[in-house]
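> Single-letter residue listing:
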Amino acid sequence: MTHAGNTMSAEVTVDQVVQSLVATHIAPQSRPSDLDAFLQWARSKRISIVFVDLPSAARARETLAGCATQIGIPCAHPTGFLATSVKAAFVKAAIAAGVDEIDMGLNIDRLREGDFGWVTREVRQLMDVSEHAIRLVFTADLPLLLLADALQGCEAIVRGGGEAVCTAWGYGVKSDADLIKTLASRFSGELQVEASGGIRTYAVARDMLAYGAYRVHSGHPDAILKEALDD
Amino acid sequence: MTEHLSLSDKVRMVLTGRQPDAISLKTAISCELAERIAGVIVPSGRSDLLGVGLCAVPTTVLIGLPFGAVPLAIKLLELQTWPHEEIRSLGIAVDPIALAESGGEGKICHEVLSAQSQLVNPGAAIGLVTELAQVDSAGLEILCSIAQRCHLDFLMSSGGVVRAPSLSHDDVREIRDILPGHTELWVVGAIPDRAFCIDLLAHGADQVGMVPEVDGARAESWQEVLFA
Numbered sequence: 000m001t002h003a004g005n006t007m008s009a010e011v012t013v014d015q016v017v018q019s020l021v022a023t024h025i026a027p028q029s030r031p032s033d034l035d036a037f038l039q040w041a042r043s044k045r046i047s048i049v050f051v052d053l054p055s056a057a058r059a060r061e062t063l064a065g066c067a068t069q070i071g072i073p074c075a076h077p078t079g080f081l082a083t084s085v086k087a088a089f090v091k092a093a094i095a096a097g098v099d100e101i102d103m104g105l106n107i108d109r110l111r112e113g114d115f116g117w118v119t120r121e122v123r124q125l126m127d128v129s130e131h132a133i134r135l136v137f138t139a140d141l142p143l144l145l146l147a148d149a150l151q152g153c154e155a156i157v158r159g160g161g162e163a164v165c166t167a168w169g170y171g172v173k174s175d176a177d178l179i180k181t182l183a184s185r186f187s188g189e190l191q192v193e194a195s196g197g198i199r200t201y202a203v204a205r206d207m208l209a210y211g212a213y214r215v216h217s218g219h220p221d222a223i224l225k226e227a228l229d230d
Numbered sequence: 000m001t002e003h004l005s006l007s008d009k010v011r012m013v014l015t016g017r018q019p020d021a022i023s024l025k026t027a028i029s030c031e032l033a034e035r036i037a038g039v040i041v042p043s044g045r046s047d048l049l050g051v052g053l054c055a056v057p058t059t060v061l062i063g064l065p066f067g068a069v070p071l072a073i074k075l076l077e078l079q080t081w082p083h084e085e086i087r088s089l090g091i092a093v094d095p096i097a098l099a100e101s102g103g104e105g106k107i108c109h110e111v112l113s114a115q116s117q118l119v120n121p122g123a124a125i126g127l128v129t130e131l132a133q134v135d136s137a138g139l140e141i142l143c144s145i146a147q148r149c150h151l152d153f154l155m156s157s158g159g160v161v162r163a164p165s166l167s168h169d170d171v172r173e174i175r176d177i178l179p180g181h182t183e184l185w186v187v188g189a190i191p192d193r194a195f196c197i198d199l200l201a202h203g204a205d206q207v208g209m210v211p212e213v214d215g216a217r218a219e220s221w222q223e224v225l226f227a
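Order-wise, the sequence lines are chains F and L.
Counted the way numbering that gives the first Met the number 0 counts, the first sequence spans residues 0 to 230.
Counted the way numbering that gives the first Met the number 0 counts, the second sequence spans residues 0 to 227.
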């Protein structure tokens, strides 16, 4: 990664956008041919990190052998409604599968109901299980929350020892510029803020980085990349 | 005739999504309404709802959400996080990659039988969950074959986690025609009103699941759908 993140930057280069792009392939009815095409595309474009489902991690590792491309998986998306013990098992399984990163779903109802102590305890347990052998990015649909709850949720992540937050899962939930600016500013030096949700164009991806996002997630990385290279 | 038809034993409340009003839904579960529907469908991670009265309602627990691409060991671990005596029925989300791959049928059958062997309640129903509107005809044939081989009790058309294309009544009729008779078809999500609900049932759906997020159903509108 060349982009430091969480610092307002007036100039974001094409290279920074490309390096900061998290390409995701998580779909309700993904077919093996779709997955293979995505992985081949990621390999040809030297994408920094791709997200696939855990059972496809081995296939991704094989296709991307010899590349610097990292592999991430989602867990408990998009609601976070999974017992902490199951999330912990996911972390262990991902480490065993050679996965580099997990977008870990936080329980949206606990956040909505203000049960931030519970969130902190879960984050701490999962960070302990990870033993820093894998990067955990705690993820929730923050745009669905009151801003005050989103901020307290991020504070709960920090208190639990978490180091990164991702702002949305997508599936119709969009992060806006104000949210990214606010989080990047408020948690500068404490939490890497990854922008996700509704990022479909190069301009939006570039702006999110300029507002202080550490990385941008997109289910439409090919469109962003094409625009970036045309820019 | 249909205007006075009670749908109480045909409609389930699906609580797998990002409902904007979870607190009122919890209230709905704990109130009289919950006793007047066929059941509630929840993800394995919502055992907290047992504390607000869910145990009084026939409960279907789903494992492997959102889209089934979860290793079997994790799915079975999910099952262990629930008090087994509270599980009236279990839905297993199907990995779409497995469904499309050679040998996938055997793998999915193995998942069903593994989960079945762990259920302590021998009367618990077991079924599969998939985004059925996006499954092609080959995938549908495999699902029907699994339903036959594993004697599935139901096939559920969506996990209700995200907005997905809905089944039309023609889809419902076609699927009903090829599903084994012992396997119920549960149509979930995108149920705009009571008329559509009745239409789906008339075309062969055995149960319909309403997702508050997708269907915009708040506690008060359930009354209208069920008892208009």
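Do not rely on the hints blindly, as some may be mistaken.
Derived lysine-lysine pairs resembling DSBU-like cross-links, with alpha carbons at most 35 Å apart [to be verified]:
hint	chain 1	residue 1	chain 2	residue 2
1	F	225	F	173
2	F	91	F	44
3	F	91	F	173
4	F	91	F	180
5	F	44	L	106
6	L	9	F	91
Away from chain L, derived, C-beta distances all over 12 Å, residues of chain F [unchecked claim]:
hint	residue
7	75
8	82
9	114
Since the hints were made in silico from the structure, they are not lab data.
Glycine included, C-beta positions come from ideal geometry on N, C-alpha and C.
> Tell me, which hint numbers fail for this structure?
6, 7, 8 and 9
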